[in-house]
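J.: Residues per chain are reported as follows:
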Amino acid sequence: MEVKIERGNAEVTAFLIGRLDTPASLEVAPKINSLADDAGGTVVLDCKELDYISSSGLRLFLTVRKAAAAKGGRVIVRGMNPDIRNVFMMTGFLNLFEIQ
Amino acid sequence: MRKLRNLKALLLVFVAAIALEATAVVQFYYSQKGLREEAELRAEGELEATRYEIMDIIDQAEAAVRNSVWIAQWCLDNPDSLHRVCQRIVADNPVVAGSTIALVPGYRKDKPLFSPYAFKDTDGAIKVLSLATEEYDYPSQEWFKKPLELGEGYWSEPYVDEGGGEMLMTTYSLPLRDAKGTSAAVITADISLEWLKELVGRMNVYPNAFCTVSSREGHVMVSPPEERDPKSLVFNTSIARTGWAISLVIPESDIFGVLRRVGTIVGILQLIGLLIIILMLQSFIRGERRYRNLDKQRERIAGELQIATGIQMSMVPKTFPPFPERDDLDMAATIVPAKEVGGDLYDFFIRNEKLFFCVGDVSGKGVPAALVMAVTRTTFRNLSAREDSPGRIVRAMNDNLSAMNESDMFVTFFCGVLDLTNGHLRYCNAGHNPPLVLTDAMRDLPVEPNLPLGVLPGMEFKEQEMPFCFDDAIFLYTDGLTEAENAVHEQFGEDRMRDALHGRKSAQDHIDKVKGAVAAFVGDAPQSDDLTILFIHYVPSAHRLVLSNDIGQIPRLTAFVEEAVKMSKLPANAQGSLNLALEEAVTNVMLYAYPEGTEGSVTIDVGSTSRTLSFTITDSGKPFDPTAREEVDINAGVDERPIGGLGIHLIRQIMDDVRYERRGDKNVLILTKNY
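Protein chains in written order, with my numbering: chain G, 1 to 100; chain Z, 1 to 675.
Chain G extracted, bound-state conformation (with noise of 0.2 Å):
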């Protein structure tokens, strides 16, 4: 699993790139986490090359959310595979998140 951020002048973009499962989530939650920071403006959660995802990666998305409500920033979702559209469905996250 591995997170590439990179910020540009108007939105932070973490690009998601293989499995986020268990222990990957646990790996890169410091870097997830950090966008916290960047919360205050429009953070962009790439998932073009995400292939999987687990509850546990889908509390670190909704960690980033909470953080952007807190601040008033935007969390944009962007370019989800099916399964990972249909675990957004399951658990109502679609309605959390931006979806691009």
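Since the hints were made in silico from the structure, they are not lab data. Errors might be hidden in some of the hints.
Taking lysine-lysine and the DSBU-like style, the derived pairs with C-alpha atoms no more than 35 Å apart in a straight line are [said to hold, decoys possible]:
1. Z:Lys462 x Z:Lys515
2. Z:Lys515 x Z:Lys505
3. Z:Lys566 x G:Lys48
4. Z:Lys505 x Z:Lys569
5. Z:Lys462 x Z:Lys505
6. G:Lys31 x Z:Lys622
7. Z:Lys569 x Z:Lys365
8. G:Lys48 x Z:Lys569
9. G:Lys4 x Z:Lys566
10. Z:Lys33 x Z:Lys197
11. G:Lys66 x Z:Lys622
12. G:Lys48 x G:Lys66
13. Z:Lys109 x Z:Lys146
14. Z:Lys33 x Z:Lys180
15. G:Lys4 x G:Lys66
Derived contacts from chain G toward chain Z, CB cut-off under 10 Å, selection only [what the hints assert, rightly or not]:
16. Thr13
17. Asp21
18. Tyr52
19. Ile76
From the three backbone atoms N, C-alpha and C, an ideal C-beta is built for every residue, glycine too.
Let chain G serve as the given structure and place chain Z on it in line with the hints.
T.: Positioned in the frame of chain G, the structure of chain Z alone reads:
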């Protein structure tokens, strides 16, 4: 049995005694009979000879008288000349000591009593005196009366001659008739009986034999000695003319003395012989008994050894398959002791999804080796109950065994720990021959040349490791296998062992084949070493996955689920969601079922029917029912959204049925997906 033998022995002694005694009695009887007959012969001969001698003297006396009858008759007319006749009789006959011719009173008017008596006095001179005295009154004397009464010669009763030297005498008297046939006188001859004593005294046929002579009226002429044997044989003869009875008395002790002495000696010898027989029998019986006792002892030892074998065999796991509930392990083992109890051992058990196993060979054989084997096995169990590292187990075992090793016995030992969740094998070898690893090929497991256990305390034992893959097998053995010898002392060897191991079979079949090959090779040759084999075949099942409580093992779960979905009729796109459901359920167990920092395992079994695919997740952690958790509100806003609770929600969303059960000390969660 023992009584019977004693009885038989007794009977034998009894029969021997009877036989000996019977022989002795028969012999004694016939000897005695012979001796008696001989004594009789000798006695009779002696008696007869003596009788003749007596008769001879008597004849001489009688003849002396008879020969003088005619001249006495002739002299009757001139009685005074009769004294010369008497003198002649005494002078001409040495045996005659005195002689008289006594006229019957009244035969001659002129000499109413007339009895001239001639005798030898002590000097040998012949003197004459008259017996016709008033004091003597010869007509009333026996020697005078009896022959006249009888009308024939008469021997008088013996008497002591008072005048003639106090000698015992007897007198032969013959009536004398004149020419007209009228009884005229009695003519006599006195003989001394002194010779008689001497004569019979010469009959010394036996040293203590003696003779008695008694007269017609019972007067004892020759008396027996004062001391005499009460048991004697008596032989009699008699002399009719004098009426004497002669008895030869022979004491039995004289006749049978020698025989009795010999008999006594023979008896004593027989007794000694019997005693020796009894002693020999006794010692024989005792020896027999000791032999039987030895037999009994041997039986008892054999029995005890059998019990010891039982105890020893009960120490090693010997129920196969040992873990029937597991399909990822196929194991079999055997010990063939060379003696009743041996010094080989193997052991294995599973703790926390780790298979602990070992094989060892104690130097030496029999009971001492078996005792060390028992200690080794106990130490292995004790240490591996809390220690996972084979290196540390072996090191601690070495310290233990060295500390108590006063008999200088050592143990070659191989200890392995196979992590059944991932096939990781760690092992430590203490001087044992390297096990064979059966993968695609067959090769020795590389082992460090560590010392055997029990040699030196404080030794380091290097631990080694090797990944153990699906379908790999390990074959552990003791040198009793490769060094099994046939009748011509060829060893079974590694090549034969490897040949026997070729091909893929169940663990038990492998062992049976190797054992069969060894048995066929050695034939009837007695084996000097124990033979031990442990075969472990690792076949982690596609249908079961066992994980430790380590999040890092999630990729193995993913692969497992992938395989399960592939094998099912579910569409490929179902894989992702099933993966997710399983991960959520298993992660939950890994993170929360066991107290933090402790090891635990979670087992995932997959099962399918024609319409369902179900996963059973089992753990031994604290009771926890994830289905009892309150449903998360997926429509809640961001701020109300709790961080947790999504896992079980996803599981419910993905699976068609979610059931929890508490089975014994296990949590069982069954997730089912319908086709």
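J.: Hint by hint, which ones does the structure fall short of?
T.: Of the numbered hints given earlier, those the structure breaks are 7, 14, 16 and 19, listed in rising order.
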